[in-house]
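Novice: Protein chains in written order, with this note's numbering: chain A, 1216 to 1854; chain B, 174 to 414.
By construction, these hints were calculated from the structure, which means they are not laboratory data. By construction, the Cβ of each residue, glycine as well, lies at the ideal position given by its N, Cα and C atoms. Errors might be hidden in some of the hints.
[What the hints assert, rightly or not] Partner residues are not named here, just some residues of chain B that face chain A (Cβ under 7 Å, in silico):
#: 1; residue: 193
#: 2; residue: 195
#: 3; residue: 198
#: 4; residue: 386
#: 5; residue: 399
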Amino acid sequence: MANKNYLTWSHSILSCVLLFLVVLLLNVVVAGAGVRVDLTQEGLYTLDKGSRNILERLRDPVAITVYWGNVPAQAAVAERFIEGLLEEMQEVAGDKLSVTWIDTDEEEGQQEAEKNNIQLYSFRRTEGNKRVETTGYMTMVIESGADGPTTIDQLARFYTQLEAILVADIDKRSRLSPRTIGYINPDSPLFLSSDVTGRGRRPGRFNYLKDEWLRRRAFGKELQDVQSLEEPVPADIDVLLVVAPWQLPEVAAFHLEQFALRGGRIFLLLDSVNVENAYLPNQEREPRSSGLEEWLAHVGVTVEYGLVGDFNRANQSFYGFNREEQGRYPYWPQLTQEYMDTTNVVMNSIPAMITAWPAAITIDDTRMEEGERTVKVLAQTSPLGHRRAEIGAVGEKLSHPLPSTKEFEQIPLIVMIDGPLESMWKGKDKPLTPAQLAEAAAKKAAEANAEPLKDEAIEDDAPLKDDEVVDDKPLEDDEVVDEPPLEDTPEKDKELEEPAPPKEDEKPAGGDGGEGDDGEEPPAGDDEDGASEDEKKEEGPPRLDTGKVKILIASDAEYCADYFQGQDAGFAFVVGMADWLSGGEDLINLRARNTNPRQIEAVEASTQKTIQVVNLGAIPFLLLCVGIVVFAVRRSQRS
Amino acid sequence: MRDALTIYRKELKAYLVSPIPYVFLIIFTVFMSYMFFWYGDGQFFVRGKATLEMGFFDLIPWVLVFLVPAISMRLWSEETRTGTLEQLMTLPVRTYSLVLGKFLAAWTLLLAALVLTLPIAITVSSLGDLDWGPVWGGYLGALLYGGALLALGVWISALTGHQIVAFLITLVVGVALIMIQFVGGTSKSGLGAFLDQLSLATHYDSMGRGVIDLRDLVYFVSVTGLFLYLNVQTVENRRVR
């Protein structure tokens, strides 16, 4: 019997050990399988289609090295996320993507991290009553071909955005030609020609954005200054950043549209109400026109004159010059993730962003549908947003009226337009530059001066009405230019819509019509010889009537002005968006992993209590009832 | 398998007429509701998030590590204490059917406990746009996690004749299987990685996010299978004695 027991036990132990080994082996084998199902509605834990496309067409091998170790226990979630993401990326990219984890828990790993100058982070935690400080690594380095390495620090903090960051970097490395970001700031002369932003500072209010953020931190030599929109946008520009445009002529809108139709991406940072208005006396406060209103309306967007306020306290910025004058100011709405489209990779990376006196963007849905264009609202106010037609509030930091609750609504502040567009000038002549307009006007004036009698004769021929009096006096120059019949002709739009007087420096040297050298089409009505001569000089790209456009419109620009230094979110937004727009279709369509849980509706305190009590009591009560019934039935059966 | 089903039905009937499962279910549902809707600063209406990951699925491992041993401790110990074990051993039923039947019945009780918390998810869904993917993933994870703990508990119950001893040992081993992920630190290789993968919590966390990974499924199934096999061997050896 004892022998049988011994045999049985030894058999049992042996079989258990064998089973343990089989189980271990099975788990080790499966560890490399990477088969998984993502049950989340938006596929939050699955590589985006755009990421897959980018990874599938990798040119050069990419090596990713992750330095990870001695991080707090809470970082385990981030670690698994990163691990899963890299595994999935490797599956798609195959041999072209290699991933190496450097375990900095080991001394060897630490030495390698130190050798490669990897950032060492300090973590504090409480052990009993003591504060203990530890150090660890959580950095990723991407290397590929001749391009320098890209370092992504603080992985545990940015892990949900890692897919977009990684894929964008890989996309850039896979590009056949470098991208070019165009920058233009056709701002008000008040800002461009005088020192309004501070004593001893350079003119202009976007120097910090351009020099520090766009040039030094983000794009370097890829940033190209665009001097004027009166000429076609240079062909090598991929994204054109138009910051705070002010009274642009019609021809600028035309060139912008042509640029967009050719496939260029436009990033418009409009700024209809700004600090300029704030320092002007009340009666002089006028919203500034960008000059693009008509074209934007053609696209299907209206950027309204006026202010947008947000009366949700969490979405208001703090205003304060001193202790007496401080408080929350609704007309500097703070955009928060709750009201951003966080599936957009850039918006997803910006926790909150202060805006200053933004304008409301209104979408013409019918026009968009007709044009088959899509509009994505990337940021908007809270439901307590308010449109204010007059802009007096720029001077009412602390004493602004509270709107009626009926006037509250969510108001778009940043929108992205994508889709086909038919040119606003289709079948029409190309608009004239202000110089050409002035030249045409001057020419007409000269003609009028040369033949004053002819004009009079024409007037004499026309039948006179009762209230018309023909002056015998010879007409003066300016009277001829402003002659009413010309203003009423259909040619008004083409010729004299914006007869801005030419500035001294814009006047053609020698007065020989030199402005035509800029490659523009000649003014309508010019003689044929002149036109063909100008056409020969035309070096711009061919004119398009239709095309697919991508236009990003923000209704405020001040968050990236010099006086917003220290508020990085606005600058990061502009740089991020320009970078994002310069990517390919796949990168632009890449959706961010929004792992922030969705919000619940606001519930009244009494309803909250009811919900809590019902959830706490209902199920136990039912269970108790079932138990009592079962007990009663059993008792009756026994008896 | 038919024998296993017979045992399963017998055990379920026993659960239905015993007050203990009702107490278990009531404690579980009250505790989960309280922790989700009422507890501390993290209560549901203060958080304002339409998710069960916070305050519900993150607590499940710790709640189950206490409650599952309470179910499993009596499965064999009770038979030993009341003397019905010998009677069972003489039945013309294979040991694995006995073990499987008992395990499946206890697992069904656990499933019932989880199903009874569904009103919480329905409430959240009615108040916000709840993503049901992570909810189903969390429930599946909780069921598999509970199953693994249960298999461990049933085996320990077979090893000892004392319910309290079975409860305490299962509790200690269960906590160890959760905490083991922290022992290895953050190391991605060697012992650290091995210990991390050995932890029940590591595999549960992944499912709670709504990602069903083959590795997690294989882990839970193999751990459950391993403990059930150990249970069969333990009972078999008793039979031989």
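Novice: Sort out which numbered hints this structure fails and list those numbers smallest first.
Specialist: Structure breaks hint 1 only.
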